[in-house]
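**Student:** As you go down the protein sequences, you meet chains D and F in turn. Okay, so the first sequence: first residue is -14 according to our numbering, each after it adds one. Okay, so the second sequence: first residue is 582 according to our numbering, each after it adds one.
Don't read these hints as lab results, they were simulated from the structure. Here the structure is a predicted model, which is why all the values come from computation and not from measurement. All residues carry an ideal CB built from backbone N, CA and C; glycine is no exception. Check each hint, because a few of them may be wrong.
One-sided excerpt, in silico: chain F residues whose CB lies under 8 Å from chain D [to be verified]:
{"hint": "1", "residue": "K602"}
{"hint": "2", "residue": "T622"}
{"hint": "3", "residue": "G623"}
{"hint": "4", "residue": "T646"}
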Amino acid sequence: MKISRQAQREAKQLFQTCHIDGKLNDDRTREAVKLLLEKKPRDFVAILSHLHRLIKLDVQRRTADVQSAIELNDNQLTEVRESLSKIYGNNLNYTFTKNPELLGGMRVKVGSDVFDGSVLTRLSNLEESF
Amino acid sequence: MSNLLQEIEAQIAGAKTEVAKENVGIVRETGDGVAKIEGLTGAMMNEMLDFGNGVTGLALNLEETEVGAIILGDFTGIHEGQEVKATGKLLQVPVGKSLLGRVTNALGQAIDGKGDIQGDTTYPVEKIAPGIVKRKSVDQPLQTGILAIDAMIPIGRGQRELIIGDRSTGKTTIGIDAIINQSRMNKAAEAAGDKDYRPVYSIYVAVGQKRSNVAQVINILEEAGALEHTIVVAATASDSATNQYLAPFTGAAMGEWFMDNGMDALIIYDDLSKHAVAYRQVSLVLKRPSGREAYPGDVFYLHSRLLERSARVGEKYGDGSLTAMPIIETQAGDVSAYIPTNVISITDGQIFLEGDLFYQGVRPAVSVGLSVSRVGSAAQIKAMKQVAGTVKLDLAQFRELAAFAQFGSDLDEKTQQQLDRGKRIVEVFKQNQYNPLSVPTQIVTLWAVQNGKFDDVDVERAGEFKDQLREYLETRKKELLRKIEVEGKLGDELEAEVSDSIDEFKKTF
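Construct the complete structure from the given sequences, taking the supplied hints into account.
**Tutor:** Right, here's the structure in full:
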C-alpha cells in the first residue's frame, strides 16, 4: 500500500503525541486509534498503517527477544535480565522462547541489535569460511 | 600441582566466549536490484550489508524507519523477510600492480578466466579526493601519441581532459591510442634503461557498453602489447545498473593506488553519459526525487567527486599522479545538454570530435576551435612549444579563409599561400588509429610544415609524403630523433640538422 508523505507526517505527529515523558503511553495510543476510526479523516487507513509500523518498531526497540536451545533456569533468566538492563536500561520487556533449532547457546534480539551466541550461527560461519 | 590445575580450571570457567553485537534488519521489499530493509538502525552511509549466500549490498538511503540498499551481484535470490546484517565496512576493491593485465568487474573480481587476483592491498571505492595542500601543479606531459592532441591540446599528468563527441566519431579510439602510447613509451624507456622516465599505467573503465565492444578493446590492447600495462574494469550493458554506477569509482580506487605510491596512472572512463543513466536508474528505483531530465539532484556531485580524485600530489604525499580522460557521448553534437555541460565544467578542458570532420576523412576528427586544454600547455616540452606555438592559430585562420574563399576565385598570393599551408597542416594531422607517434617524430613533422618543407608537395600527396618521412626518420635518422628527445628543444644546430635530413629525404621522394 502506498502511504503518502502527508499521511506519514500525520502518523508521526500522532505517534509523538501518544508519548508521555518520552515513553509511549498505551492508553493514549488506544484512544488515538479509536478517535481516528471514529472521525475517519482523509487517508486515515494510510495514517493508521504507518502509525502501526511506528508503534511496532517502538515495541521492538523495547523488547528483548531471547531464544535459547533449552529452557533457561531462574538463575540464567535473572543473569540475562541483569546484563541486558545494563545496556538498554530498566524499561525493557522480555520474551523468552525455546528454539531447539539453535542446537545450543542463546540468541538475543533487541530492536535491530542481535547478540548471537548460538551453535547454529557458529557452524554456519564456519561453513562460510571454507 | 593440584593448585595449578584448579587455577586453570577456574580460569577456563571464567573465560567467556565473546559474543559480538550485530546490527540486523529485515528485507521489507525488493526489486530492480534494490531492497528496502526495516531495522538496521546502526547502518552507516555507503556501508556494506551482508544478505547472506555471498550477496552484498550497499546502504544508500538512510530513512526514518528503513534503509534503502542497492544489491551488488545476484539479486534474484533475495526475498521478503530475509535477515540482513550490517558489516561495519565500506566497499573495498583490490588494488596494486597484480591487477595489471587483468580484466575485472565493478567489485574488482577477475572476469578474464585467468584465476583469482593475488594481492592483499585493498582501497575503499569511495574516497575523498586529495586536499589542496597535497596537490602540486601539473607540469609533466602525458603524451597521447596523437599529433593533433599533443601539439594543440596538450595534456599534463594529473589533468582531467574530456573527450566529447557524437556516436562513432572516434572517442574510444583516442583513449585506446593514449593507452597504447603509454605502454610503448614504458617499454622503450625500460629497454633503454632510462631511470628518469616515470612509467604510466593505464586503467580502462567500460560502463554500460556492449560486451562485444569491450572484447574488441581488450583484443586491440593485447595485439598492441599494451594489456600488460593496463587494467580493464568492465561493467557492461548486461550488468546491473548498480555495478555500472560503481565501476568508475572502482577504477579510480585502482588508479589512486598508483598515485599514492609514486607512480603515474591514466584512467579512461568510457563513458560517463551511460554512467549518469545508470545512476539515474538507481536513484529512481530508490525513490529519490528527480530533477532535470529525471536525473537526481546530485548527478553533478556524482561526476565532480569522481573526477576530483584525479590529481598530481606532492613528494610528501605520494609523489604520483592520476590523469583522467572521461568520455561523453553527445546527441547530434549538442554540447549544451545537461550531462555534457556538467562534465565540461568539471574537467580541465575538452577534446571535441566532430562528425562532419570524421566523414570528410579528417581522422582523428578533432575540432580545433572547440577543443581546449586549460592546464596542459605548462606541461608541454620546449621543442614542442617551439613548433606547435602557432599551429592552432594557423588552422583557425585557414578554416575562416576556406569558408570565405568558397565565394570567390581570385585570391591574392598571401591568402592562397595561407590556404595551401592550412590544407597541408590538415593532412599532417591525419593519423591512422592505433598508431601513436613518438614525440621527436611529431616535432620533426610539425617543424617541416611550419618551415615550408611541405609547400612544394602536392596536397594530394602530402599524406603520403608525411608517412614516408616518418618511416625514413624512424629507420634512418634514429640518432637525430634521440638527440631531440634528450635536448628537449630545437637549437640552431639541431634545426639545421633537421632541415638537412628532410632535404635529403626529399631527393628520394
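**Student:** So, for every hint listed, does it hold in this structure?
**Tutor:** So, going through the hints one by one against the coordinates:
1. K602: Cβ of K602/F sits 6 Å from chain D, so the hint holds.
2. T622: 5 Å, holds
3. G623: Because about 7 Å separates G623/F from the closest Cβ in chain D, which is inside the 8 Å limit, the hint holds.
4. T646: 6 Å, holds
Going down the numbered hints, you'll see the structure goes against none, and every one checks out.
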